[in-house]
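K.L.:
The residues making up each chain are set out below.
There are 2 protein chains.
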Amino acid sequence: MNEFELIATLAKSLPANETVVVGAGDDCAVLDFALPDKLFLFKTDAVVQGIHFTSETPPEKIGRKALARCLSDIAAMAGTPAVALVTLGLPANFDPGFVRKIYDGLNALALKYNVAIAGGETTTNPGGLLLSIALLGTVARDKQVLRRGAKPGDAIFVTGELGGSLSGKHLDFEPRLAEAQWLAENFSIHAMIDLSDGLAGDLPHLLAAGGVGAELLKSAIPVSRAAKLPAQKSSSTKPPFAAALTDGEDFELLFTLPARDAVKLLDTWKKKFPKLKLSCIGKIVTGHGIILRDKTGSQKLNAHGYVHFS
Amino acid sequence: MNEFELIATLAKSLPANETVVVGAGDDCAVLDFALPDKLFLFKTDAVVQGIHFTSETPPEKIGRKALARCLSDIAAMAGTPAVALVTLGLPANFDPGFVRKIYDGLNALALKYNVAIAGGETTTNPGGLLLSIALLGTVARDKQVLRRGAKPGDAIFVTGELGGSLSGKHLDFEPRLAEAQWLAENFSIHAMIDLSDGLAGDLPHLLAAGGVGAELLKSAIPVSRAAKLPAQKSSSTKPPFAAALTDGEDFELLFTLPARDAVKLLDTWKKKFPKLKLSCIGKIVTGHGIILRDKTGSQKLNAHGYVHFS
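Heads up: the sequence lines are chains Z and E, in that order.
Residue 722 is where the first sequence starts when you use this note's numbering, and the numbers rise one by one after that.
Residue 722 is where the second sequence starts when you use this note's numbering, and the numbers rise one by one after that.
No lab work stands behind these hints, which were simulated from the structure alone.
Because identical chains share one entry, a pair is satisfied inside a single copy or across any pair of copies.
Calculated pairs, EDC-like style, for lysine to aspartate or glutamate (alpha carbon to alpha carbon, straight line, at most 16 angstroms): (1) Lys833 to Glu739; (2) Lys733 to Glu842; (3) Lys733 to Asp825; (4) Lys782 to Asp893; (5) Lys833 to Glu895.
Note that this is a predicted model, so its numbers are computed, not measured.
Take the sequences, apply the hints, and build the full model.
P.N.:
So, in structure tokens, the structure goes:
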């Protein structure tokens, strides 16, 4: 049994109660505490030394990244973050100055988005630094956008450009909170997810949640400059388009809405967010799986993010 | 700079916002999301292999303990737990069956207290198992009981018996949720904390928060059978009374209320909770620090839990 199978098994038997609107399996849990106009969003996310950052990563960026990842999940549901708790697991011989700088990065991002840090705890973690954020946010009642809800005929959009995040963006990305809130207020967004495992890794989650498939237009997928650079330096690295599909930690928004609204969205987006690219990359279809189309024909994309060149 | 000094420094500069009623430094954060009748309680707590449990600990008890610790913090504020998220850090070669059993223990306790497990995440933690719980609860508005609030003349009470938790109770303790809620509904509880670091470790937190001191009556402090047993077996172990003062993980409630209510409390408690001991162990005084009185005189107890026999 691998990690994904284990999670799927565990998720089936979790206790629920009357407050849980959406439990395990979406970007955040959605909770109803009988506030007339709001639902709550609840999320935890951890970064671990050697996996999400290295011993070379500046501590301010570790703190920033840990919170930004959670903010991105709140964005994926069109929510507003409110209050976080910080769990810091420290190896035995930690440097207090290093920890202070982790908090400097974390606090600066929290202030930017009016997120309170209301405590948390430090504990010993013998294997290395672990920083886990628990984040509570809100969303206007019935304005939450889930992973499920994509319908055949929907247009599929993605913000920004994809791939190459490890060259720097993974430590500096801006969570798309304002963009997501604007989308939910002004359009009928059917489904949304933030891209943490790459387009080829996360689109399947959105499709599976909705019981639908997708057709993507290869030329429409925005490939970042950071995804193109390594291939220019060495032919042995991942080709740019594969990087755009499979590199993790883009933290862009992937969402669908009725195709009839696509042109209006592109027009108004350009005025509202002139600095951030928005791309229509394909459409939702009946069935399941992802078909990738280009001039030469079509290919199937599998859930692990690799293109089968058939 | 040690861990406590670091935390104190960090806590001073955490971002706040309009939702935070009580931030870092109490058993839970207290949050106001404009629900007319309720405030929210928010808590995270982690257990780590080699610190809070060993490789010999049955996995069901690891899961149970992780959640029970958080429930005890909700109890310390007289709150009601509602929804938890689970962060599970796993070493590379984890056993899915072991993880399944962790959740069995956790889920059973969650069901008992009507706590929903609304998701969370698994991540790799190279140094060993880490299980962190983020818990959201509620408390009737203006019924939350904080660490601060103890007043000179208050009687000091403790539930249960103290010491020797490591011989088993630390894995099986019952969070005092019903007791704390009943106390807050029926009495004017001035201050409360749950005992995780021992009476001598946690009473100073309550005293410092209130700017007061305490006088304890040595003979009134309830010493558990588990604290007495090791000393019967070997004279080299911690004496029972020292164990009752300094052993951690009792997870009993320590609280103060006006002395005039002490007798009424003891009377009604016996009828309401006949199986759980309640002891009046001393009184709050002006000044600071803890004086321990017995037939032979008085001693000073320091914040690290050691008695100075002067």
